[in-house]
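Residue-level listing of the chains:
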Amino acid sequence: MRVIRACRELGIASVAVYSDVDRASSHVRKADEAYHIGPSAAAESYLNFTKILEVAKRSRADAIHPGYGFLSENAKFAQACRDAGVKFIGPSPASMEMMGSKTRARQEMEKAGVPFVPGTSRGLKSADEAEQVAVKIGYPVMLKAAAGGGGKGMRLVHTPGELKPALQSAQSEAERAFGDREVYIEKAIIDPRHIEMQVLADEHGNTVYLGERECSIQRRHQKVLEESPSPIVDPDMRRRMGEVAVRVAEAANYTNAGTVEFLVDQEKNFYFLEMNTRLQVEHPVTELITGLDLVHLQIRIAAGEKLPFRQEDVHIRGHAIECRIYAEDPDNNYFPSPGRITLLLSPSGPGIRRDSGMYEGWMVPIDYDPLLAKLIGYGTDRTQAISRLTRALHEYFVGGIKTNISLFRRILTDADFRAGKVDTGYLDRLLKSQPAPIRREDAEVAAIAAGIFAMLDPTSTVAGHGNLSPSSGNGAVDGVAASGWKRAARIEGLG
Amino acid sequence: MVYDVAIDGKRYRLELDRAQAGWHCRLDGREIQVDAVLARRDVLSVLIGGKAYEIKREHTATDVHLWVGSVPYVAELRDPRSLRGRRGTAADEKGPRKLLAPMPGKVVRVLIGEGQPVEVGQSIMVVEAMKMQNEIKSPKKGIVQKIVAAEGANVNAGDVLAIVE
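For the record, the sequence lines run as chains A and B.
For the first sequence, this note's numbering assigns the number 1 to the initial residue and increments by one for each residue that follows.
For the second sequence, this note's numbering assigns the number 1001 to the initial residue and increments by one for each residue that follows.
With the rest of the complex left out, here is chain A (with noise of 0.2 Å):
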């Protein structure tokens, strides 16, 4: 959807590729032209190379913008672009490869001088190894598979026992999710946070930095909660970090959108982490405080434009914090929530950015990342931008399945987080301790409610036996639904 919103505004026709899943998604219905790639199994569609360059090639299209997640990091597929005439939305297949693989890319950063974790940048070649260097830079240790992210292949190492075991396994868990066992080690950092800079070069050598985000708010490795700017990165820092997230694009020779990742400790030294080639899922929050479009830049920047614009043209202006809304429930350990969604009221309203593809009705596949919407609340300052966003939350409702959003609540009205007090072990922290009781005092004004609703609105197993509950599962809820689209236009005329 973003990109295709992105493609409309710049009077460039868009075309979507779907899985059998996704036929009723958002971006079929919006984009100008859409066809059908395959199976869900994301092998058989998303992954397939021919698939997607066979549609390019009937639909003529001039350009790929591949996304996040799936063929957006995989330099064999820019490589194929290229071969097929297509223009990848992107950097060049090399700079891909060289920052693909996160060894490769600590070796390019420590030729280019980039401050980076101690450890190795090559590939442990045995256990014995994997103990010198640990004496060498101190445990703890983490040790991480070069291939990987999302956590896989990683291990945290408190003491030299624990760590050929540990090896092992992180070894075997590399090759089963990347196909390859390579895996480094670094020293473990405490308690870090996770602060990114965004990177923006384009194809004539010009490259800036668009401010960082702050990302350390993640369950399991994967971001749940991002801001920019990072409430401890003050001007200074900010040129620092800046500066030297240029210096590893230019080492890659690095163009189109991109970021840097950076750990930081508690005496706010920062550490080259990786690199991602690719623009990310939180670039709103950077979009909202520079003012510019990151996505018209990208296809511009493909088209061979030059920056429109200077380091010094760049300013960073109120604060923006966005919540990635998932098909999940919080209090079944974030089990996936796939379902219909059967009512869905969205927030608007000042400082408020909703980048969603869900509407009533869909039917929230199981077989994809599970990510439902993102919710951006924009302010002057940090705190506008918490209480427009708890605002924009308390208006949110999506029924029919369950969603990470009353984990959102807990975040914004914790006074650690509102200190801006995070690191990346911030909420593992907060979800051990007890959330506050929920306040039950409307039990009454439900069961008001409860008879209201049978007697207005009533759903198709009400009728008859006057019974809420529905008595069978699919069936029931698609039934009333329909029922229910039926008796609405009646009911309007009641008032």
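If you're looking for bench data, these hints aren't it; they were derived computationally from the structure.
Note that this is a predicted model, so its numbers are computed, not measured.
Idealized CB from N, CA, C, for every residue including glycine.
Among the clues, some could well be false.
[As the list claims (entries may be wrong)] Covered stretches of chain A, as calculated for chain B (at least 3 residues, CB under 8 Å): (1) 331-343; (2) 371-379; (3) 433-440.
[Said to hold, decoys possible] Computed footprint of chain A on chain B; a stretch qualifies when at least three of its residues, placed anywhere within it, have a C-beta under 8 Å from a C-beta of chain A: (4) 1006-1013; (5) 1056-1064; (6) 1107-1117.
Assemble the complex: chain A is given as a structure, and chain B must be docked to it using the hints.
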């Protein structure tokens, strides 16, 4: 109209009728001034004593929830004059109750066998999906009449897993 309403298992007697301006409402014998309009399907605007409530009705595969603001309540409603006759709330219901699968998955473990007693909220089986496990709990105290989905069975959302009587 008279209703037996159960909210989170607690029962109320509700008498409700349309009046010229608003509704005549008695809850457990107590008269309450209620103004209510349906904003759209499943959304009610209720005013009681000047206080404004937005009530959203949500159907899941297994329950009906009424959300008052941001707080959900499990709602069950019976018209006591219906031909099906008087029945209690789900928790003490005399008839057999079906347990439905809330999402697609696979039954990995059946914890209580047929003929065994079970308490309200006790787990009867575990359904796994995407490598995570979900406990299926009994809505009432009773006996497991039938295990419909056996260990190893694949289930879809809304499929009957077991019957508790």
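Verification of the supplied hints:
1. 331-343: This one holds; 9 residues, not fewer than the three required, reach chain B with a Cβ under 8 Å.
2. 371-379: Violated - the region 371-379 of chain A has 0 residues with a Cβ nearer than 8 Å to chain B, which falls short of three.
3. 433-440: Per the Cβ count (3), the hint holds.
4. 1006-1013: The restraint on the region 1006-1013 of chain B holds, since 4 of its residues have a Cβ under 8 Å from chain A and three suffice.
5. 1056-1064: holds (count 9)
6. 1107-1117: violated (count 0)
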